[in-house]
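Student: Add chain B to chain A, keeping to what the hints say.
Chains as they are written, first to last, in our numbering: chain A, 1 to 483; chain B, 484 to 949.
Treat the hints with care, as some may be off.
What the hints assert, rightly or not - Pairwise CB distance ranges, derived in the manner of DEER restraints:
id, chain 1, residue 1, chain 2, residue 2, range
1, B, Val589, A, Ala205, 49 to 59 angstroms
2, B, Ala828, A, Arg267, 19 to 29 angstroms
3, A, Arg267, B, Asp834, 43 to 53 angstroms
4, B, Asn791, A, Cys280, 57 to 67 angstroms
5, B, Asp546, A, Val389, 34 to 44 angstroms
6, A, Arg267, B, Asp670, 53 to 63 angstroms
7, B, Val589, A, Cys280, 45 to 55 angstroms
8, B, Gln485, A, Thr259, 47 to 57 angstroms
9, A, Pro390, B, Pro761, 44 to 54 angstroms
10, B, Thr544, A, Arg267, 38 to 48 angstroms
11, A, Thr259, B, Asp760, 31 to 41 angstroms
12, B, Val589, A, Leu21, 51 to 61 angstroms
13, A, Ala387, B, Ala535, 28 to 38 angstroms
Source of the hints: derived by calculation from the structure; they are not laboratory data.
Values in this document were obtained by computation on a predicted structure and should not be read as measured data.
Ideal placement from N, C-alpha and C gives every residue a C-beta, glycine not left out.
Residue-level listing of the chains:
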Amino acid sequence: MAFSILRILTYVLGLVGTSLLLPLGVALWKGETAVVSAFLVPMLAGWGVAVAFWLFARRRPRVFDVQHAFGTVGGIWIAICLFGALPLYYSGSFASFTDAAFESVSGFTTTGASVLSDIEGLPVSVNLWRCETHWLGGLGVIALAVALIPLLGIGGFRLIKAETTGPDKAKLTSLIANTAKTLWFIYLALTAVQALLLWNAGLGAVDALAHAFSTMGTGGFSTRNASVGAFGLPAVEWICTFFMLLATVNFTLYYRLLTGRFGDVARDSELRTLVALVFCSVVCVTAVQFTSWDALGGTLRSSAFQVASIISTTGFMTDDYLAWRPAAQVVIFMLFFVGGSSGSTAGGVKVIRWTILGKQLRNEVHHILHPHEVFTLSINGCPGRGAFVPVVASFVFVYMLLVLLTTFAGALAGLDVFTAFTGALSMVGNIGPAFGQLGPTSNYGALAAPLKWFYMFAMLAGRLEIYTLLILIGRTCFLRRSS
Amino acid sequence: MQLARALLLERNDVVLIDNDAERVRSASDQLDCTVLEANGNNLESLEAAGIASADALVTLTADDEINMVTCSLVDAVYPRIQKIARVRNYAYYTAADVARRRAKSVLPASRPLYGIDNMLNPEVEAADAISAALEHGAIGSVIELDADFGITTLSIGEGSPLVGKPLSKLHELEGWHYLVAFVESADGTTSLPNGQFTLAVGDQVGLVSRLSEIPQLGAYTKTPQEKLRRVVVFGADRVGALLLARQQEKRHVSLWRRLFGRSAPDAYQKLVVVDRDPERCREAVERFPDVRVLCGDVTDEALLSEENIFSFDLLVAASGNHELNLVTAAYLKSRGVKKTIALTANSSYGDIARKLGVDVAVPMRGTVVDSIRGRLRGGRVEAVHSVCNRRFEIVEGYVSPKSRVVGKKLQDVMDMGAFLVLLYRPADGKSYEMPRGGTVLEADAHVVLITPAGDTRLVARFCGKE
Chain A
1 MAFSILRILT YVLGLVGTSL LLPLGVALWK GETAVVSAFL VPMLAGWGVA VAFWLFARRR
61 PRVFDVQHAF GTVGGIWIAI CLFGALPLYY SGSFASFTDA AFESVSGFTT TGASVLSDIE
121 GLPVSVNLWR CETHWLGGLG VIALAVALIP LLGIGGFRLI KAETTGPDKA KLTSLIANTA
181 KTLWFIYLAL TAVQALLLWN AGLGAVDALA HAFSTMGTGG FSTRNASVGA FGLPAVEWIC
241 TFFMLLATVN FTLYYRLLTG RFGDVARDSE LRTLVALVFC SVVCVTAVQF TSWDALGGTL
301 RSSAFQVASI ISTTGFMTDD YLAWRPAAQV VIFMLFFVGG SSGSTAGGVK VIRWTILGKQ
361 LRNEVHHILH PHEVFTLSIN GCPGRGAFVP VVASFVFVYM LLVLLTTFAG ALAGLDVFTA
421 FTGALSMVGN IGPAFGQLGP TSNYGALAAP LKWFYMFAML AGRLEIYTLL ILIGRTCFLR
481 RSS
Chain B
484 MQLARALLLE RNDVVLIDND AERVRSASDQ LDCTVLEANG NNLESLEAAG IASADALVTL
544 TADDEINMVT CSLVDAVYPR IQKIARVRNY AYYTAADVAR RRAKSVLPAS RPLYGIDNML
604 NPEVEAADAI SAALEHGAIG SVIELDADFG ITTLSIGEGS PLVGKPLSKL HELEGWHYLV
664 AFVESADGTT SLPNGQFTLA VGDQVGLVSR LSEIPQLGAY TKTPQEKLRR VVVFGADRVG
724 ALLLARQQEK RHVSLWRRLF GRSAPDAYQK LVVVDRDPER CREAVERFPD VRVLCGDVTD
784 EALLSEENIF SFDLLVAASG NHELNLVTAA YLKSRGVKKT IALTANSSYG DIARKLGVDV
844 AVPMRGTVVD SIRGRLRGGR VEAVHSVCNR RFEIVEGYVS PKSRVVGKKL QDVMDMGAFL
904 VLLYRPADGK SYEMPRGGTV LEADAHVVLI TPAGDTRLVA RFCGKE
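Here chain B stands alone, though its shape is the one from the complex:
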């Protein structure tokens, strides 16, 4: 539903197929699209829905096998259609990835496994998002744009030097060389700020910076920064286990690098995971030998006191119960845990999380929807990230050679308040740079834009038609 809504907002022609009568009725009432009650893995039903003329097929049922078989079925008859499948089983997901890479090296022209162009795993996407936030100190949610740059969402605190200053004057602050991408005021209004915009305490700002400089942003926004030495993860199921796996990978640093090189700060973190399911705990303790596993209820005060959880630097609430994640994060934050990250059901929980004092909320569905939208956007769009409760989107893509902006200066194509070009990398460039008004837009250059959500016209101006 959420994906269909986002695609409709972008003026796509969407046909939704479901075999559950109640869900079909609900979708028909809410969405302005064709909704069919049928089995998606039946080719005749799909043809009746118009698969022959479709550009893409997205299979999102709860059953991995049905998603994969449906794509395979369509691929056998309509190989040109782009196929995206949600695959929650991590073994299938990684196996397909390995098969794709091996097949490419042996037979470059081979079809992808089951004809699936993109496999999406919501848990992997969520774990990656949490891992990114954790790596950068959990001071705010981080969108990594490449190996160097990212956009961090931070809250302006009391005493921030940014307060009351027009954005055009911020460069006067010592060491300030960042870009304010978007602002979400405390009253809920959002905007793409111009030079005259002034920030106030409580505003949420999206700051473009190098990833290595993210910890320094907190000094400007007065966001408390903590060294995250002791981390407790609540929930050892899918997302929790994937997150632990990511952290374990970072810990595998050679002795030489530990002694003489620069290693990730995460390599020294002490990790504790809490889960109430004994079987999951057993699996976790066997899979992650460096992690302490506690079996019990995270709401059990005795357990929290015995293990001194309240003194931890960070809580990552990543269980399958998204509401409990929020409550747990808010409670432990109030009891002394310095930073909290909560996995939530969707991006609409972002406001609630912020009001509850949760530092970072990672929406489960939002990451998948963004991922699919990035792949379906067409043109030369590479990825799409929603921000500000889906009111804006950050689009990564290439300048189309046919675009009318090619050869023009940025100041000539800019429409202040309507969109911003955040980062620019020339076609032959190696890394991003923050563009200036005089930057000339080249064909095939890599750009990062922020636009109002669903404004495909603006994106098409840069990256070509959909």
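The shape of chain A in the complex, shown without the other chains:
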């Protein structure tokens, strides 16, 4: 069993190592010779480990069960986050390995919380790597590995299930590798389209690619201190708003669109709720922020951007929402609890879970009024999905428990209660900015090192939807099996 786990771990490290080719190429292109070795050495190390293990264990049987799948995924994510921190640390851009690790975890988990105050001072290649970590972590490195490495075929679905978000995980095609390939192809295509649009709208090639990575991964890292707002280009803001929302949608729906199953998309409960939420939030914020008819266009753009940024858990900014009117801030605060769609790159509780709980609440109220009436819970037009209710309820319970625990950790480290609470929501929901001392114009650099490590745990737990990491930490996977 250990061989199976190590095999996957080393292959994924090899894959992430390969992805360093892009920043390495940019470093060479931009003449950033000082950071070439920071990318080259980890890349070669990743390849070396993968090739060595392949030679050593290629004839070993591939066995996998559910418990090991969860443990393996948790282990892999910790490993790639630490591996991704190596180029950042050795680039000399970060004061300590803790900061580099925080930035890497924040990147892979698509949180987008940064410890840096002067992002524009970083080498371009390092900035690109930060954004690329969002893209790799967005749809999931393990899904990418399953798509690209046929050797992982057996047990691949279990691994992807442990990595994918949302309560209902289904295969699009009979082979999980084909499902993973399809989703990654859609992801790649959307990223390419956005990068081209941003480039066309006036951004440089690296900026366009970096922001496309960040947007599609719903991460939030930017190449500018003032995030997307620094460009001052309305077209760029609208493009980012549109693609942030696209990245918030369940990627399997794009596959259904491509295969002509429009009815499935129209019936999708989560998409319908998401559209309604976004529409209502944008209207509310625009109405609250309204100053004059002349400024309406700008207010609408700013409101739509910020709503898309928070509901998609991206964390980009064009405006400091802490300077907004209180009612508009409350709308943004409420969106911290929502999250994107299941099967998307967004974090948070997920719209489908709130939809299920909302429908169950409606059924409960109706049942009080009509005790003899029989109710069913329909999701995506399919009735009889009541079995999801306890699963979702327990997830929301654990999620909120983790938020409270993280709030306590923040308060212990000296943060005020509201900052600690919104910071916890932001970390567990992989959003990035919070309120108070951790608002959109602030950063996480000043936090104490132990709190940064706790926040790293919270980000990872949020990205892997808690259970994966709980199982790993609870040692149900390794120790109980070996005892």
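Tutor: Then chain B, alone, in the frame of chain A:
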């Protein structure tokens, strides 16, 4: 038994096979036919019963698989024999229908599935009958003859303008252009009326009209008419579920048609179903998202009051307990439900239902027996419907080219009081019309007759020999 009795009445040679000794003994005592105690799915037993010389095989056991396999077995050796099977499993029934249509489009000469020429599902037939009655306002049972015409059985109420008038004078009433097909008096006597016949309060009349005009018939008979906006269905098992499925199909009207077109009134009905079985309720709520499902006993006064069932416009009692259906329908009618339809075991419950105040009684077995008789009648008969507690039958068929009535005027072949030609459609015609005395009968014309039950001689005069 009921089918065998009907077939014997039509002077058919019937052999009944059953493996239950008690049922065989009972049938032998009651029926004038050969009754064998044997397994029907054994070819040797069937050959001993004379299957080789039979015209048709009808399999009606409680087991769908046995019915289908027996037909398949006989088809392998005697493909020319017409085979009819009762199939209660709706999945089998629809699957066979789909397979038949697909096979026809791919291979027109292909044999039917399992060699079964006709699959009959009693629940489907009953649900269709209830659906037809419901669609036409539940003012009486409706026999739909084609897309345009039907025969509605109505009761003459107090103050009806039809009372005391000879039928030949009814055309003087404003807007009256209907035909009285049969009359069942309050004392139980039945007749095929002539022009001098006068109607009385309490008589049941069968009126031929266009389907779209059925709601207007109530104004003449003084049958109370209600808009059926709120409908409660008792029983979510086979017939109830099929009925709900039919109603759900009618509800699927596009937004455009809802706003600007003419859509079925059923599309706006509020449906509630009551069943005591939690599992059936769960299935119903998942299958019919637009229908409210109540789990409980329909005799539970608390449930009826809480959900305000007494104020509903229509109750359809369609559970598997036919006696309870009648009692429930009668009770709820007495408590304020405006119209009631009850599914009953057979047509002999019709009188009881009427006496209890139930508006429409749909006999479960009667629909199947009629369906089988229509298919076995031979000649150019298309369908047979029993009315007046099986004393008369309405026969749909084509005029045989060899028939002696071809080329004659209707008034020359009519035998008033013995039979009536209700509707006529020329061979090249598109829709039915009510025939007149001067109508000349053409070969291959479509006719609807009403004759005394079992009078095959009369039918053969029009539609050819059996």
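Student: Indicate, hint by hint, whether the structure satisfies it.
Tutor: Against the structure, the hints come out as follows:
At roughly 58 angstroms, the beta-carbon separation of B/Val589 and A/Ala205 lies within the given 49 to 59 angstroms, and the hint holds. With their beta carbons about 42 angstroms apart, B/Ala828 and A/Arg267 fall outside the hinted range of 19 to 29 angstroms. Range check, A/Arg267 to B/Asp834: Cβ separation about 50 angstroms, and the 43 to 53 angstroms hint holds. Remark: the range hint 57 to 67 angstroms for B/Asn791 to A/Cys280 is contradicted by a beta-carbon distance near 35 angstroms.
Taken as a hint, the range 34 to 44 angstroms holds for the pair B/Asp546 and A/Val389, whose Cβ atoms sit roughly 40 angstroms apart. In this structure the supplied range 53 to 63 angstroms holds for A/Arg267 paired with B/Asp670, their Cβ-Cβ distance being about 59 angstroms. Taken as a hint, the range 45 to 55 angstroms holds for the pair B/Val589 and A/Cys280, whose Cβ atoms sit roughly 53 angstroms apart. Checked against the hint of 47 to 57 angstroms, the C-beta distance between B/Gln485 and A/Thr259 comes to roughly 53 angstroms, which is consistent with it.
Evaluation of the 44 to 54 angstroms hint for A/Pro390 and B/Pro761 yields a failure: the beta carbon distance comes to about 19 angstroms. A beta carbon spacing of about 42 angstroms between B/Thr544 and A/Arg267 agrees with the range 38 to 48 angstroms that was offered as a hint. The hint said 31 to 41 angstroms for the Cβ distance between A/Thr259 and B/Asp760, and at roughly 40 angstroms that hint holds. Remark: the range hint 51 to 61 angstroms for B/Val589 to A/Leu21 is upheld by a beta-carbon distance near 56 angstroms.
At about 57 angstroms, the CB distance of A/Ala387 to B/Ala535 disagrees with the hint of 28 to 38 angstroms.
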